[in-house]
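A.B. asks: These protein sequence lines are chains Y and V, in that order. Using my numbering, read the first sequence as starting at 1 and increasing by one per residue. Using my numbering, read the second sequence as starting at 1 and increasing by one per residue.
Not one of these hints is a red herring.
A short, non-exhaustive set of chain Y residues, derived as facing chain V with CB atoms under 10 Å: (1) V67; (2) L68; (3) M73; (4) D74; (5) M77; (6) A85; (7) A87; (8) G91; (9) L95; (10) V101; (11) N123.
Once the Cα atoms are required to be at most 27 Å apart in a straight line, the calculated DSS-like pairs of lysine-lysine come out as: (12) V:K44 to Y:K215; (13) V:K212 to Y:K52; (14) Y:K52 to V:K198.
Bear in mind the hints are in silico, worked out from the structure with no lab data behind them. Quick caveat, the model's predicted, so the values are computed rather than measured. We treat Cβ as the ideally placed atom computed from N, Cα and C, and that holds for glycine.
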Amino acid sequence: MQDTLTNEEICKPENMVYHRTALLTEAPLSYCPGCGHGTAHRLIMEVIEEMKMQANTIGVAPVGCSVLAYDFMDIDMQQAAHGRAPAVATGIKRLYPDKFVFTYQGDGDLAAIGTCETIHACNRGENITIFFVNNGIYGMTGGQMAPTTLPGMKTATSPFGRDVETMGHPLKITELIANLPGTYFVTRQSVHTPANVRKAKKAIEKAIQYQKLNKGLNFVEIVSNCNSGWKMTPLESNKWMEENMFPFYPLGDIKVPK
Amino acid sequence: MKEVRLMKGNEAIAEGVIRAGCDGYFGYPITPQSEVMEYLFANKTKERTGMIVLQAESEIASIHMVYGGAASGKRVMTSSSSPGISLMQEGISFMAGTELPCLLMNCVRGGPGLGTIQPSQSDYFQAVKGGGHGDYKMIVLAPASVQEMYDFAKLGFELAFKHRIQVMVLSDGAIGQMMEKVELDEQVPRWTDEEIVKLHPWAATGKTPDRKRNIITSLDLNPVKQEIINRNLQKKFKHIEETEVRFEKIMCDDAEYLFVAYGSSSRICQKAVALGRAKGIKVGLLRPITLFPYPTKELAKLAKQVKGMLSVEMSAGQMVEDVRLSVNGAVPVEHYGRLGGIIPAPDEVLNVLEEKFIKEKLLCKTH
Ligand SMILES: Cc1ncc(C[n+]2csc(CCOP(=O)(O)OP(=O)(O)O)c2C)c(N)n1
Ligand code: SF4
Ligand SMILES: [Mg+2]
Chain Y
1 MQDTLTNEEI
11 CKPENMVYHR
21 TALLTEAPLS
31 YCPGCGHGTA
41 HRLIMEVIEE
51 MKMQANTIGV
61 APVGCSVLAY
71 DFMDIDMQQA
81 AHGRAPAVAT
91 GIKRLYPDKF
101 VFTYQGDGDL
111 AAIGTCETIH
121 ACNRGENITI
131 FFVNNGIYGM
141 TGGQMAPTTL
151 PGMKTATSPF
161 GRDVETMGHP
171 LKITELIANL
181 PGTYFVTRQS
191 VHTPANVRKA
201 KKAIEKAIQY
211 QKLNKGLNFV
221 EIVSNCNSGW
231 KMTPLESNKW
241 MEENMFPFYP
251 LGDIKVPK
Chain V
1 MKEVRLMKGN
11 EAIAEGVIRA
21 GCDGYFGYPI
31 TPQSEVMEYL
41 FANKTKERTG
51 MIVLQAESEI
61 ASIHMVYGGA
71 ASGKRVMTSS
81 SSPGISLMQE
91 GISFMAGTEL
101 PCLLMNCVRG
111 GPGLGTIQPS
121 QSDYFQAVKG
131 GGHGDYKMIV
141 LAPASVQEMY
151 DFAKLGFELA
161 FKHRIQVMVL
171 SDGAIGQMME
181 KVELDEQVPR
191 WTDEEIVKLH
201 PWAATGKTPD
211 RKRNIITSLD
221 LNPVKQEIIN
231 RNLQKKFKHI
241 EETEVRFEKI
251 MCDDAEYLFV
261 AYGSSSRICQ
271 KAVALGRAKG
281 IKVGLLRPIT
291 LFPYPTKELA
301 KLAKQVKGML
311 SVEMSAGQMV
321 EDVRLSVNGA
331 VPVEHYGRLG
341 GIIPAPDEVL
351 NVLEEKFIKE
361 KLLCKTH
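Can you build the whole structure from these sequences, using the hints too?
C.D. replies: This is the structure:
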């Protein structure tokens, strides 16, 4: 039956299987094709739309490739200085405890320059939600080494590979904050296959739902490719991510509410 | 009759912000102003007015918490002392770029570096000329008494929201620590969330169907637009220069010599004026209350009347540059300052005034 639908029939609302959420603006995404940022934006906005939370949501954008997240998300948003989003979100949430407040941050933003703000917001158990896109590199500034860059990985500032002896070890910030009593739900996901997208959406739903419980900080890491920074095609980068990133940053829930 | 209390300067500003309807204080301890946050916690602001007080992990975090709170239309503030204020420059610059109102208090101590915990006025440049990156100004209020520490809390919030600008109360270790009588006013109620939506339609409070989304950002990569943004900022600063200058004149009507001093130094100079007058020297004092906007026009007027001006500051000579710019060579302007936390004595500054302007003149005549 399904196979025989005509084009006109496909367009009918009752046959519609997918549509762009109204909470994504008309602005064309500025991300490289194949980059995970766009999918992550879409999932967060879909969930906020489905939960009818637009009027109750305040988002905080980082400095990084997603600095313009507010161009794409049709919600009230504030752009934070590099790494300071958790402090900014703390200020908002403390004054508006009934609003849904989230940050959206990259790995350089969250785990290098903003480590202090991240750890202390987590440790205080701020009732905010952090979406953390880990691509192991500084995408925006042209592919320099990030705190999450894997050992041996080549970047613009580790052109012969990250030498852990002199450049330090990759920081598993998500495992680190999961150990803090202030975090409630901590999970690591990816958005590079339809199955992973579905799982990531479930995790995002939980991280948004849980904020209403006021039990502490909810944290969703999304391991993503930066195909431009990694100097690969989108397909190569996803394969490389599966083979190299996932063994080091294993997907799945890290801390689940009891 | 007004309620009167004996208070420290730092306690007075804390009581002032509670009564001004402040919604949130975010801070990090540092001498000589830790009493501000201590007072707020001890006074159970949450129960009294609903005001939130949070001890942050650093001054960087405090100022960005203020940035978040300010973006959502609330009355928010932080306070610190010199090294902490240096750390806050990033956040202040972001608030300048997004035109967010907030109240800041710098209880200045001597620098550079860790310097000293003693009072100083060596952060004038940082406060008045824009300490962070970019072309911006804050309104800077210089209290000279514990009463003004209290009063400038309410005035500071009023100016901050009137112009959507950051207001810094530039005090120092002496004003912050000394005790004086303070007259207190009635409690100003905190705004309700509904009032904030009405009063501040720009605030990021959650997008409702009746309006477009509110975006608080200082970023615009289009140079043409960024220039317009900057020009509009400059227009606002100009308007503030034209409308918000505040100063006090003491014994200026017949003055032949003038002290120019703010904050603690103005208290010393006020005494020096009395000493000078007792000796028959016609000396007056101009005390800038706003350091930005600066009482440039008033000084230019006085330059037509007096024979010399002595800028007295607890610094190596920072405000004196603005005095010189104001008088534009019309009259000799000298600087006298003590450094490292030393507060000059009234007879000391009067001697300097006599030596620089009066004795030198006499010497010239005998030659
Ligand atoms: C204070 C400051 N330092 C440095 C920069 C330059 N900068 C912009 S984005 C960025 C790195 C962002 O990397 P990441 O957070 O991993 O985000 P991605 O672009 O990879 O998504 C840096 C260093 C800045 N904007 N501000
Ligand atoms: S540079 Fe990397 S992180 Fe940035 S948009 Fe391109 S692929 Fe995505
Ligand atoms: Mg990155």
